[in-house]
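Q: Chains as they are written, first to last, in the working numbering: chain A, 476 to 781; chain B, 13 to 256.
Watch out, some of these pointers could steer you wrong.
[Stated by the list, open to error] Computed cross-link-like contacts, DMTMM-like style, restricted to lysine to aspartate or glutamate with a CA-CA straight-line distance of at most 20 Å:
{"id": "1", "chain 1": "B", "residue 1": "Lys-32", "chain 2": "B", "residue 2": "Asp-191"}
{"id": "2", "chain 1": "B", "residue 1": "Lys-14", "chain 2": "A", "residue 2": "Asp-755"}
{"id": "3", "chain 1": "B", "residue 1": "Lys-77", "chain 2": "A", "residue 2": "Asp-675"}
{"id": "4", "chain 1": "B", "residue 1": "Lys-138", "chain 2": "B", "residue 2": "Glu-158"}
{"id": "5", "chain 1": "A", "residue 1": "Lys-630", "chain 2": "A", "residue 2": "Asp-647"}
{"id": "6", "chain 1": "B", "residue 1": "Lys-90", "chain 2": "B", "residue 2": "Glu-110"}
{"id": "7", "chain 1": "B", "residue 1": "Lys-130", "chain 2": "B", "residue 2": "Glu-110"}
{"id": "8", "chain 1": "A", "residue 1": "Lys-630", "chain 2": "A", "residue 2": "Asp-594"}
{"id": "9", "chain 1": "B", "residue 1": "Lys-14", "chain 2": "A", "residue 2": "Glu-504"}
{"id": "10", "chain 1": "B", "residue 1": "Lys-85", "chain 2": "A", "residue 2": "Glu-528"}
{"id": "11", "chain 1": "B", "residue 1": "Lys-14", "chain 2": "A", "residue 2": "Asp-594"}
{"id": "12", "chain 1": "A", "residue 1": "Lys-559", "chain 2": "A", "residue 2": "Asp-647"}
{"id": "13", "chain 1": "B", "residue 1": "Lys-138", "chain 2": "B", "residue 2": "Asp-170"}
{"id": "14", "chain 1": "B", "residue 1": "Lys-130", "chain 2": "B", "residue 2": "Glu-94"}
{"id": "15", "chain 1": "A", "residue 1": "Lys-597", "chain 2": "A", "residue 2": "Asp-647"}
{"id": "16", "chain 1": "A", "residue 1": "Lys-597", "chain 2": "A", "residue 2": "Asp-620"}
{"id": "17", "chain 1": "B", "residue 1": "Lys-14", "chain 2": "A", "residue 2": "Asp-746"}
{"id": "18", "chain 1": "B", "residue 1": "Lys-111", "chain 2": "B", "residue 2": "Asp-170"}
{"id": "19", "chain 1": "B", "residue 1": "Lys-111", "chain 2": "B", "residue 2": "Glu-217"}
{"id": "20", "chain 1": "A", "residue 1": "Lys-630", "chain 2": "A", "residue 2": "Asp-675"}
{"id": "21", "chain 1": "B", "residue 1": "Lys-253", "chain 2": "A", "residue 2": "Glu-558"}
{"id": "22", "chain 1": "B", "residue 1": "Lys-138", "chain 2": "B", "residue 2": "Asp-150"}
{"id": "23", "chain 1": "A", "residue 1": "Lys-677", "chain 2": "B", "residue 2": "Asp-191"}
{"id": "24", "chain 1": "B", "residue 1": "Lys-14", "chain 2": "B", "residue 2": "Asp-70"}
{"id": "25", "chain 1": "A", "residue 1": "Lys-677", "chain 2": "B", "residue 2": "Asp-70"}
{"id": "26", "chain 1": "A", "residue 1": "Lys-489", "chain 2": "A", "residue 2": "Asp-675"}
[Said to hold, decoys possible] Non-contacting residues of chain B with respect to chain A, defined by C-beta distances greater than 10 Å in every case (computed):
{"id": "27", "residue": "Met-13"}
{"id": "28", "residue": "Ile-20"}
{"id": "29", "residue": "Ala-52"}
{"id": "30", "residue": "Ile-162"}
{"id": "31", "residue": "Leu-180"}
{"id": "32", "residue": "Lys-211"}
{"id": "33", "residue": "Gly-221"}
{"id": "34", "residue": "Thr-233"}
{"id": "35", "residue": "Thr-235"}
{"id": "36", "residue": "Ile-251"}
[Claimed, not checked] Chain A stretches covered by chain B per the calculated footprint, using a threshold of three residues with CB under 8 Å from any CB of chain B:
{"id": "37", "region": "745–752"}
{"id": "38", "region": "769–776"}
No lab work stands behind these hints: they were computed from the structure.
Just so it is clear, CB atoms sit at the ideal spot from N, CA and C, and this is done for glycine as well.
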Amino acid sequence: MMDLSVQLPGLNLKNPIIPASGTFAFGREFSMIYDLSLLGGMCVKSVTLAPREGNPLPRIAEAPSGMINAIGLQNRGVEFVAEKELPFLTKFDTEVIVNVAGASIQEYGEVIERLQGIDVIKAFELNISCPNVSAGGMAIGTDPDLAAECVRIAKRVADKPVYVKLSPNVTDITKIAAAVEQAGADGLVLINTMPAMRIDLKTRKPLLANITGGLSGPAIKPIAIRAVYQCAQAVNIPIIGCGGITCGEDVLEFLLAGASAVEIGSENLVDPWACPRIIDELPGVLEKYRFASVKDAIGKALPQNS
Amino acid sequence: MKQSNAVILSNAPIARDVFKMDLRTDLAPMAKPGQFVQVAVPGFFLRRPISVSWTEGDVLRIVYKIMGNGTDKMSSMKPGEELSLLGPLGTGFPIKDEKEVVIMGGGVGTPPMLKTAKAYLDQGSKVDVILGFNTAQDVFYVDEFEQLGISPVVCTMDGSAGVKGTVLDGAASAGIKTDYVLACGPLPMLRAISASYTKGYISLESRMGCGFGVCNGCVMTDTNGMQVRVCKNGPVFPIGKVVL
């Protein structure tokens with residue numbers, strides 16, 4: 476049997492497949508259609524200190540080979556998530572990652588402080604890359620100093636490893652990656668959505684009420700592969716790849732670029748069974764390309780390994 | 013919720029830019045009045061939410077309007093081709109023990125009201141139907157309701173067919189006094205209905221990401237200030253429940 480397991484800081488993944496934040500809510504809807512214990516891990520929807528209503532509608536638009544969203548971090552706040560959402564996940568054998576967001580770098584620390592001591596949480600993921608909020612999000616993740624300071628604040632209070640999800644919307648992503656590594660990040664998640672927009676020809680107005688949104692789906696996969704490949708050569712912390720993955724071949728491409736695991740995002744919305752399907756496909760794909768395990772494939776496209 | 017590779021049996025225009033498509037799918041027997049399916053159109057990433065209009069055995073009928081590139085592509089598809097459907101989704105219209113109901117459909121909000129009308133007729137309710145369109149070229153489904161034994165009141169905004177005005181003008185003109193309403197149509201129509209009726213249910217339309225409650229792409233606010241997902245908590249809501 477093909478060994479799909481990967482061990483990352485805080486995360487003992489039975490396979491490298493993790494649903495991405497914002498495409499999986501808190502797992503309830505998906506638990507009705509498959510066993511969440513099949514998943515290597517799962518990353519829940521972004522959590523902020525206070526409840527957030529998110530952006531006005533429309534929040535969603537089609538794009539060539541993908542979609543644009545501007546949800547705006549709608550969530551019911553850390554208190555509700557800690558009390559009402561996370562306990563539901565204790566019955567599943569999967570590694571839960573909580574995605575944390577904030578309007579200021581201090582807020583990230585305050586959210587994590589409230590989540591201390593909750594056993595079901597295995598790691599935090601700092602969302603310093605959301606393009607759809609007026610404060611925080613991408614504004615933090617595109618500035619190396621702010622990004623590093625955010626990580627330091629998070630690390631001071633976090634009782635679990637801290638991963639940092641970066642934006643592709645920067646001139647040199649390796650500079651941000653190096654800054655957050657230096658600040659103590661335990662791993663990177665690459666990448667969040669790419670700022671984008673569409674205009675309705677009939678109304679002559681932006682299609683999204685927020686004007687811009689984040690592009691995701693297969694359209695951004697090559698951008699994500701590039702970001703993983705560059706950062707894997709710039710940092711020594713592990714990388715979780717994310718961006719447009721729809722099948723087992725896509726997973727292998729991310730592994731070759733230097734990712735140790737992957738997050739599946741938009742594909743969950745159009746094929747709700749995407750994650751278990753990709754987990755099923757993976758052994759055959761690895762075998763086809765002559766790899767003995769997931770670990771065996773990690774980083775094999777990098778210059779230092781070829 | 014199931015995924016089904018449905019086979020197109022027919023796909024033909026029935027009004028201006030409006031197409032009726034029959035599909036063979038194992039989702040058909042599962043669908044309740046007012047539920048919808050998410051249709052994957054070849055070459056497009058997101059699925060399109062389209063209400064179930066009618067089912068008979070393993071045949072499921074949808075009626076859709078060409079609104080953009082995705083629905084345009086759908087309109088060119090031929091019998092024998094396959095479409096991936098996800099469904100049935102959403103709450104649907106509850107079939108309550110009401111003696112009399114008035115059913116209102118506006119434009120492409122009309123299709124789900126056919127199956128809903130049938131369900132109320134089957135339990136012995138008296139059913140009045142009022143259909144609203146912009147102009148005569150847009151009118152469809154009069155025959156379908158007549159086949160159920162209902163003579164729908166047709167209204168057009170420009171008066172080119174039936175009563176001139178909205179579905180509310182149609183109700184006044186036909187002297188329909190029933191106070192329990194079931195409606196689907198554009199937002200201005202649902203707002204007007206919500207201002208005139210206090211009992212019944214309305215079905216909302218929305219752009220959607222997933223269609224099953226995870227992405228928060230179609231969220232509206234209810235009168236208690238709680239956020240509701242049109243796809244999962246709806247699309248059918250008690251009248252007056254959601255801020256329109």
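Q: State for each hint whether it applies.
A: Going through the hints against the structure:
Distance check on the hinted pair: Lys-32/B and Asp-191/B sit about 31 Å apart at the alpha-carbon level, beyond 20 Å; violated. Distance restraint check for Lys-14/B and Asp-755/A: the Cα-Cα separation of roughly 19 Å lies within the 20 Å cut-off, and the hinted pair is therefore satisfied. Note on Lys-77/B and Asp-675/A: the hinted pairing holds, with a Cα-Cα distance of about 17 Å set against a maximum of 20 Å. Using a Cα cut-off of 20 Å, the hinted pair Lys-138/B and Glu-158/B holds, with the two alpha carbons roughly 14 Å apart.
Using a Cα cut-off of 20 Å, the hinted pair Lys-630/A and Asp-647/A is violated, with the two alpha carbons roughly 24 Å apart. With a CA separation close to 41 Å, the supplied pair Lys-90/B and Glu-110/B exceeds the 20 Å bound. A threshold of 20 Å between alpha carbons decides the hint, and for Lys-130/B with Glu-110/B the separation of about 14 Å falls inside it, so the pair holds. In summary, the hint linking Lys-630/A to Asp-594/A is supported, as the alpha carbons are separated by about 17 Å, within the 20 Å threshold.
The straight-line distance between the Cα atoms of Lys-14/B and Glu-504/A is roughly 13 Å, inside the 20 Å bound, and the hint therefore holds. Between Lys-85/B and Glu-528/A, the direct Cα distance comes to roughly 35 Å. Violation of the 20 Å bound is thereby established for this hinted pair. Annotation: proposed proximity of Lys-14/B to Asp-594/A is violated, straight-line Cα distance about 34 Å (limit 20 Å). Between the alpha carbons of Lys-559/A and Asp-647/A the distance comes to roughly 40 Å, so the proposed pair goes past 20 Å and is violated.
Only pairs whose Cα atoms come within 20 Å are accepted, and Lys-138/B paired with Asp-170/B is rejected, the gap being roughly 29 Å. Restraint check: the Cα-Cα separation between Lys-130/B and Glu-94/B comes to about 28 Å, which exceeds 20 Å; the hinted pair is violated. A hinted pair counts as satisfied when its Cα atoms are at most 20 Å apart, and Lys-597/A with Asp-647/A does not qualify at roughly 30 Å. For the given pair, Lys-597/A sits about 27 Å from Asp-620/A by alpha-carbon distance, which is inconsistent with the 20 Å threshold.
A hinted pair counts as satisfied when its Cα atoms are at most 20 Å apart, and Lys-14/B with Asp-746/A qualifies at roughly 10 Å. For the hint linking Lys-111/B to Asp-170/B, the alpha-carbon distance of about 33 Å lies beyond 20 Å, and the restraint is violated. Annotation: proposed proximity of Lys-111/B to Glu-217/B is violated, straight-line Cα distance about 28 Å (limit 20 Å). Simply put, Lys-630/A and Asp-675/A have alpha-carbon atoms about 44 Å apart, too far for the 20 Å limit, and the pair is violated.
Restraint check for Lys-253/B and Glu-558/A: the C-alpha separation of about 27 Å exceeds 20 Å, so the hint is violated. Simply put, Lys-138/B and Asp-150/B have alpha-carbon atoms about 27 Å apart, too far for the 20 Å limit, and the pair is violated. Under the criterion of a C-alpha separation no larger than 20 Å, the hint pairing Lys-677/A with Asp-191/B is inconsistent with the structure, at around 38 Å. Of the supplied pair hints, the one linking Lys-14/B and Asp-70/B holds, its CA atoms being roughly 14 Å apart against a limit of 20 Å.
The straight-line distance between the Cα atoms of Lys-677/A and Asp-70/B is roughly 38 Å, outside the 20 Å bound, and the hint therefore fails. Restraint check for Lys-489/A and Asp-675/A: not satisfied, since their Cα atoms lie roughly 45 Å apart, outside the 20 Å limit. Not every C-beta of chain A lies more than 10 Å from that of Met-13/B, the closest at about 6 Å, which undercuts listing it as non-interface. At roughly 20 Å from the closest C-beta of chain A, the C-beta of Ile-20/B stays outside 10 Å, upholding its exclusion from the interface.
The Cβ of Ala-52/B sits about 7 Å from the closest Cβ of chain A, inside the 10 Å cut-off, so the non-interface label is violated. Once the 10 Å rule is applied to beta carbons, Ile-162/B is consistent with being away from chain A; the minimum gap is 34 Å. Here Leu-180/B stays apart from chain A, with its beta-carbon at least about 25 Å from theirs, past the 10 Å limit. Distance check on Lys-211/B: its Cβ is at least 27 Å (rounded) from any Cβ of chain A, clearing the 10 Å threshold; non-interface status holds.
For Gly-221/B, the condition that its CB be more than 10 Å from all CB atoms of chain A is violated, with the nearest at approximately 5 Å. At the 10 Å boundary, the C-beta of Thr-233/B falls inside the reach of chain A, the nearest C-beta of that chain being 8 Å off. A cut-off of 10 Å between C-beta atoms confirms that Thr-235/B is not in contact with chain A; the least separation is 15 Å. At roughly 20 Å, the least C-beta separation between Ile-251/B and chain A is larger than 10 Å, which holds for a residue marked as non-interface.
Residues of the region 745–752 of chain A lying with their CB closer than 8 Å to a CB of chain B number 4, which satisfies the three-residue condition for coverage. Only when three residues or more bring their CB closer than 8 Å to a CB of chain B does the claim for the region 769–776 of chain A stand; here the count is 0, and the claim is violated.
Violated hints for the displayed structure, listed by number in ascending order: 1, 5, 6, 10, 11, 12, 13, 14, 15, 16, 18, 19, 20, 21, 22, 23, 25, 26, 27, 29, 33, 34 and 38.
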